[in-house]
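**Student:** Protein sequences, first through last, are from chains A and B. Here the first sequence is numbered in this note's numbering, starting from 216 and rising by one per residue. Here the second sequence is numbered in this note's numbering, starting from 216 and rising by one per residue.
It cannot be assumed that every hint is accurate.
Repeated chains share a single entry, so a pair holds when one copy, or any two copies, can fit it.
Result set (BS3-like, lysine-lysine): computed pairs, CA atoms no more than 25 Å apart in a straight line [unchecked claim]: (1) Lys352 - Lys298; (2) Lys303 - Lys223; (3) Lys264 - Lys356; (4) Lys223 - Lys313; (5) Lys313 - Lys303; (6) Lys313 - Lys334; (7) Lys397 - Lys352; (8) Lys352 - Lys303; (9) Lys253 - Lys298; (10) Lys262 - Lys334; (11) Lys356 - Lys397; (12) Lys334 - Lys306; (13) Lys306 - Lys223; (14) Lys253 - Lys356; (15) Lys313 - Lys356; (16) Lys298 - Lys397; (17) Lys303 - Lys262; (18) Lys262 - Lys352; (19) Lys223 - Lys250.
Rather than coming from a laboratory, the hints here were simulated on the basis of the structure. On a predicted model such as this, the values are computed, not experimentally measured, just so you know.
Here's the letter readout for the chains.
2 protein chains.
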Amino acid sequence: MEQNSRDKLAWTAARLFQRRGYHGVGLSEILSAAKLPKGSLYHHFPKGKSDLALEAAAFAHREMTRIIDDAFQNAESFEAGAKTLFFKLAKLFEMMGKDTGCPISLILFNGPEEDIFRKRCAEFFTSWMHQIASHAKRLGKSSEDAPILAQKIFVTLQGGWTLARANQDGNVIRGLSTLLFKE
Amino acid sequence: MEQNSRDKLAWTAARLFQRRGYHGVGLSEILSAAKLPKGSLYHHFPKGKSDLALEAAAFAHREMTRIIDDAFQNAESFEAGAKTLFFKLAKLFEMMGKDTGCPISLILFNGPEEDIFRKRCAEFFTSWMHQIASHAKRLGKSSEDAPILAQKIFVTLQGGWTLARANQDGNVIRGLSTLLFKE
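If we strip away everything but chain A, and leave its shape as in the complex, we get (with noise of 0.2 Å):
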C-alpha cells in the first residue's frame, strides 16, 4: 500500500515531467493526477519536488532498462534487437501521447542541484549504453564495435525522438532502424 503510493508519485510525476519539464510541473498537479494527498508527497519525498523528481527519473530509468532488454533479450542479431527496440518505444510514444520527451533529459537538466541531477543523467545514459553494448557482444559484435554501436543506437534514439514529438509521428521512431543499417 506505502510502496504503491510512492510509485503512483513518481510515475505520474515522470508522465508529468516528460511533457513540460521539470519547472513546467507544480506539485498541486502532480498529486491531483496521481489522486493522492499532499501528506503522501512529503511522507515518501520528505524534500518534496526535487527528491520526487530524482524517484521519478529513477523509476523512468528502469522502464527503460527493462526495455532495451526485452528487446535484444530473443533477438537473432543485434540489428533485429536495435529494430524491436524502435518499434517498442514508437508504441509507448504512441500509448503517451506524442507530446513527451526523455523523462530523464526533462527531469535532470532542468531541475534544481544542477550538478547532482546531471551526473545522474550522464550514469543513467552510460548505462543504457553499457547495457546495449554487452547485448551486441552477445550478439555477435567485437569488443571494439559493440560500444560505438550502443552509442549510435542512444543518440538516433534521442534525437529520433525529439523529430517525433515536433511531427507528432511515431514512425519517424519506426524508421530509425532502417536510417541506421540501411546506407
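Chain A is fixed; fit chain B onto it per the hints.
**Tutor:** Just chain B now, kept in the frame of chain A:
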C-alpha cells in the same frame, strides 16, 4: 537602437531558455540579464513571454541556418561539410558553457499555446533538414539519398548534443561524424 534592444532580448531569452526550458526562466531574469527595462519588453513583445519565446526560437533558428550554410558552403564533400558542422557546433556548445540544450525544443515543446509552438518547432526542424539535403545534392548525393542523409545528420546531432550535455563534453559532438560515416 530599437532593433538592437529587440534582438538583445531575443538573444538573451534564447540563451536562458536553452539552459532551463521555457518554464524555468522568468521575465525579470531575462530583463536583468539583458540589462533592459520592463517597458522595452512590452514595447517589442506586446503579448509578453510567449511572444518573446517565439522570437527567441526564430533567432536561434536563423543562427542555426547560418551555421549550416557556413559549414557546407566551401566543403569538398558532404562528409567534410558534416564534420565541419559538428566541429562548429561543438565549439558553440563549449562557448555557451556546456550546459545548454537545443533552443528550439527547449522553448517550443514546453511553452504555452502548445499547438502553435510545436508546429513552429516542426517547421524549423524540417527547414534544417531541407537545407542540409540541398547541400548534399549540390555535393553529389542522389535525390534519394540526400533527405535520408539530412535526417541522419539531424537526429545524430540532436541526440549527440544531449549526450554531450549530460557528460559536459564537447568532444561528444566532434565525434559524431566518425560515428556516422565509419561503420
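**Student:** Does each hint hold? Answer for all of them.
**Tutor:** Status of the hints after comparison with the structure:
1. Lys352 - Lys298: The answer is within: 17 Å in one copy meets 25 Å, while 29 Å across copies does not.
2. Lys303 - Lys223: For Lys303 and Lys223, only the intra-copy Cα distance (23 Å) is at most 25 Å; the inter-copy one is 44 Å.
3. Lys264 - Lys356: Neither: 42 Å inside a chain and 50 Å across chains, both beyond 25 Å.
4. Lys223 - Lys313: Classified as within: same-chain Cα gap 21 Å, cross-chain 34 Å, threshold 25 Å.
5. Lys313 - Lys303: within (14 Å within a copy, 32 Å between copies)
6. Lys313 - Lys334: between (28 Å within a copy, 13 Å between copies)
7. Lys397 - Lys352: both (21 Å within a copy, 19 Å between copies)
8. Lys352 - Lys303: Answer is within: at 22 Å inside a copy they meet the 25 Å cutoff, but 34 Å across does not.
9. Lys253 - Lys298: Neither: 42 Å inside a chain and 52 Å across chains, both beyond 25 Å.
10. Lys262 - Lys334: within (19 Å within a copy, 37 Å between copies)
11. Lys356 - Lys397: both (17 Å within a copy, 15 Å between copies)
12. Lys334 - Lys306: Only across copies: Lys334 and Lys306 sit 22 Å apart there, 29 Å inside one copy, limit 25 Å.
13. Lys306 - Lys223: within (22 Å within a copy, 42 Å between copies)
14. Lys253 - Lys356: Answer is neither: 50 Å inside a copy and 59 Å across each miss the 25 Å cutoff.
15. Lys313 - Lys356: Neither. Shortest intra-copy (33 Å) and inter-copy (33 Å) distances fail the 25 Å Cα cut-off.
16. Lys298 - Lys397: Intra 12 Å, inter 20 Å, cutoff 25 Å: intra and inter.
17. Lys303 - Lys262: neither (34 Å within a copy, 41 Å between copies)
18. Lys262 - Lys352: neither (41 Å within a copy, 55 Å between copies)
19. Lys223 - Lys250: within (9 Å within a copy, 44 Å between copies)
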